Amino acid sequence: MAIFIGCICSLELLLLCSHVFQLLSDARRRLPPGPRPLPVIGNLLDVAGELPHRSLSRVAERYGPLVTLRLGTTLAVVASSPATAREVLHRHGASITDRGTPDAWRTEGHESNSIFALPTRHHRWRALRRLGAEQLFSPRRVEKQRPLRRDAVRGLLRHVSELAAASGGGGGTAVVDVGRAAFAAMASLLFGSLFSDLLTAGSETSSTVIEWAMAELLQNPQTMRKLQEELKKVIGSKTYIDEEDIDQLPYLQAVIKETHRLHPAIPLLMYKAAVPVEIQGYKIPKETTVVVNTWAIHQNSEVWIEPDKFIPERFLQKEISLSSGSTNMELIPFSAGRRFCLGYPVANRMLHLMLGSLVHEFQWTLPEVVKKNGGVDMAENFGLTLSMATPLHAIAKNIV
Numbered sequence: 348m349a350i351f352i353g354c355i356c357s358l359e360l361l362l363l364c365s366h367v368f369q370l371l372s373d374a375r376r377r378l379p380p381g382p383r384p385l386p387v388i389g390n391l392l393d394v395a396g397e398l399p400h401r402s403l404s405r406v407a408e409r410y411g412p413l414v415t416l417r418l419g420t421t422l423a424v425v426a427s428s429p430a431t432a433r434e435v436l437h438r439h440g441a442s443i444t445d446r447g448t449p450d451a452w453r454t455e456g457h458e459s460n461s462i463f464a465l466p467t468r469h470h471r472w473r474a475l476r477r478l479g480a481e482q483l484f485s486p487r488r489v490e491k492q493r494p495l496r497r498d499a500v501r502g503l504l505r506h507v508s509e510l511a512a513a514s515g516g517g518g519g520t521a522v523v524d525v526g527r528a529a530f531a532a533m534a535s536l537l538f539g540s541l542f543s544d545l546l547t548a549g550s551e552t553s554s555t556v557i558e559w560a561m562a563e564l565l566q567n568p569q570t571m572r573k574l575q576e577e578l579k580k581v582i583g584s585k586t587y588i589d590e591e592d593i594d595q596l597p598y599l600q601a602v603i604k605e606t607h608r609l610h611p612a613i614p615l616l617m618y619k620a621a622v623p624v625e626i627q628g629y630k631i632p633k634e635t636t637v638v639v640n641t642w643a644i645h646q647n648s649e650v651w652i653e654p655d656k657f658i659p660e661r662f663l664q665k666e667i668s669l670s671s672g673s674t675n676m677e678l679i680p681f682s683a684g685r686r687f688c689l690g691y692p693v694a695n696r697m698l699h700l701m702l703g704s705l706v707h708e709f710q711w712t713l714p715e716v717v718k719k720n721g722g723v724d725m726a727e728n729f730g731l732t733l734s735m736a737t738p739l740h741a742i743a744k745n746i747v
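For what it's worth, this note's numbering labels the leading residue of the sequence shown as 348, then goes sequentially.
What the hints contain is simulated information worked out from the structure, not anything from laboratory work. Keep in mind that this is a model prediction, so the values were computed, not measured. Hints are supplied without guarantee of correctness; some may be wrong.
[Unchecked claim] The following label-pair restraints were derived from C-beta to C-beta distances:
id, residue 1, residue 2, range
1, Pro568, Glu408, 18 to 24 Å
2, Lys656, Thr421, 42 to 48 Å
3, Ala512, Leu418, 37 to 43 Å
4, Leu392, Glu591, 20 to 26 Å
5, Glu397, Lys491, 43 to 49 Å
6, Glu408, Lys633, 27 to 33 Å
7, Thr712, Gly396, 45 to 51 Å
8, Asp655, Gln627, 26 to 32 Å
9, Thr712, Pro486, 35 to 41 Å
10, Pro623, Gly583, 55 to 61 Å
[As the list claims (entries may be wrong)] As a list, the in silico DMTMM-like pairs of lysine to aspartate or glutamate whose alpha-carbon atoms are at most 25 Å apart:
id, residue 1, residue 2
11, Lys718, Glu490
12, Lys656, Glu563
13, Lys619, Glu397
14, Lys656, Glu408
15, Lys579, Asp594
16, Lys573, Glu666
17, Lys744, Glu563
18, Lys604, Glu715
19, Lys491, Glu397
20, Lys579, Glu666
21, Lys656, Glu577
22, Lys744, Asp524
23, Lys580, Asp594
24, Lys656, Glu677
25, Lys573, Asp589
26, Lys604, Glu677
Idealized CB from N, CA, C, for every residue including glycine.
Kindly produce the complete structure, drawing on both the sequences and the hints.
Following this line, the structure appears as structure tokens:
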């Protein structure tokens, strides 16, 4: 018994000494500020109880836009402002764009051919990126694939139209699972892509954005009517949007951007420092996990008026580009710098084509049971993307 007690006391002393050494070491390394970690578990309690992007935003409100956290044995630094995100993604983009690779990927050897997992300094990553930029998503190739996108949107509209007819024009019980319908449209477009990563990433993120956009429009009827009026004025009797119409639809563009801002499909961008770097006077050691909290940036009250409200009109007054060449860091749903989304040219077109066509061709209402429960459940689910906790179901009625 005495030996057992002695072992326990020795272990506690070892943990205490290790914790004190860690605190002293952190102070010497000039890490960014943050809550004091506990032995073993670090700051896990500081971020518990909420979804990660929200809990990290709450910590940033107290300690500043660049925060140090210890999550168990992992040292993490979180950037939560446009300025700190610019430092991470642009100034130090060559040093902080590695990604941790899941063990399951290593077991199957998937990481050696994944543009998402490979370090940006790796020759294979550069080759894949160049192949994607010059071949798969070059302006010429994207333009050549326009008929494929048109067919995908037509397939989406045909699917919804069949469901609308089955529900008796909206009077029956058949409803549309908006996210699933959008996912199927994107999957049909990307199936067979040379980049298998894009099938999951592109379909999941795009369908998530469409689902959130439709949810916000159903919750804000005045915004829905305003968008329908713009579509009717520009599109007229056509049943779907052509890509050349998008530039003539500023309110549709604003709705898409506001959805990206309020509901970023990827709320946390996670990287790893390949070498030691300095950000705003603080030292970031090699192998540190560096997180860019895009959700917190998009909710920054110093940048956005009433950031928690869905107000597309803000983008009619403030021009913000989402393209890879943009210097904007206030709205970065497609990331920025070296890790900017390779599929942006296709994803951005498809989002406008799908949402605009759905709103233009159908009259959308909520099922009675949803209305009785107070409207759409806007709770979030943190997974591969920041999706809706309760999938959006809505009744579609053909306008024509």
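Here is what the structure says about each hint:
One distance hint, 18 to 24 Å for the beta-carbon pair Pro568 and Glu408, is violated here, with the actual separation near 33 Å. Distance hint for Lys656 and Thr421: a CB-CB separation of about 35 Å, inconsistent with the stated range 42 to 48 Å. For the pair Ala512 and Leu418, the beta carbons lie near 51 Å from each other, so the given range of 37 to 43 Å is not met. Taking 20 to 26 Å as the suggested C-beta distance range, the pair Leu392 and Glu591 does not conform, at roughly 54 Å.
For Glu397 paired with Lys491, a C-beta distance near 45 Å keeps the hint of 43 to 49 Å intact. Restraint check, Glu408 to Lys633: a C-beta distance of roughly 29 Å satisfies the suggested window 27 to 33 Å. Distance hint check: the CB atoms of Thr712 and Gly396 are about 36 Å apart, inconsistent with the given range 45 to 51 Å. At roughly 27 Å, the beta-carbon separation of Asp655 and Gln627 lies within the given 26 to 32 Å, and the hint holds.
The hint said 35 to 41 Å for the Cβ distance between Thr712 and Pro486, and at roughly 40 Å that hint holds. Taken as a hint, the range 55 to 61 Å holds for the pair Pro623 and Gly583, whose Cβ atoms sit roughly 59 Å apart. Among the hinted pairs, Lys718 with Glu490 is inconsistent with the structure: their alpha-carbon atoms are about 42 Å apart, more than 25 Å. With a C-alpha separation of about 10 Å, the suggested pair Lys656 and Glu563 falls inside the 25 Å cut-off, and the hint holds.
At roughly 24 Å between alpha-carbon atoms, Lys619 and Glu397 fall within 25 Å of each other, so this suggested pair holds. A hinted pair counts as satisfied when its Cα atoms are at most 25 Å apart, and Lys656 with Glu408 qualifies at roughly 19 Å. As the CA atoms of Lys579 and Asp594 are separated by approximately 15 Å, the hinted pair is consistent with the 25 Å bound. In summary, the hint linking Lys573 to Glu666 is supported, as the alpha carbons are separated by about 19 Å, within the 25 Å threshold.
Proposed proximity of Lys744 and Glu563 is supported: the alpha carbons are some 18 Å apart, at most 25 Å. Straight-line distance between C-alpha atoms of Lys604 and Glu715 comes to about 30 Å, which puts the hinted pair past the 25 Å bound. About 45 Å separates the Cα atoms of Lys491 and Glu397, which puts this hinted pair outside 25 Å; it is violated. A distance of roughly 24 Å separates the Cα atoms of Lys579 and Glu666; the hinted pair therefore holds under the 25 Å criterion.
Our distance criterion of 25 Å between C-alpha atoms is met by Lys656 and Glu577, whose separation comes to about 22 Å. Restraint check: the Cα-Cα separation between Lys744 and Asp524 comes to about 14 Å, which is no more than 25 Å; the hinted pair holds. The straight-line distance between the Cα atoms of Lys580 and Asp594 is roughly 14 Å, inside the 25 Å bound, and the hint therefore holds. A distance of roughly 16 Å separates the Cα atoms of Lys656 and Glu677; the hinted pair therefore holds under the 25 Å criterion.
For the suggested pair Lys573 and Asp589, the alpha carbons sit about 20 Å apart, so the restraint of at most 25 Å is met. For the suggested pair Lys604 and Glu677, the alpha carbons sit about 11 Å apart, so the restraint of at most 25 Å is met.
Against the hints set out earlier in the document, violations occur for numbers 1, 2, 3, 4, 7, 11, 18, 19.
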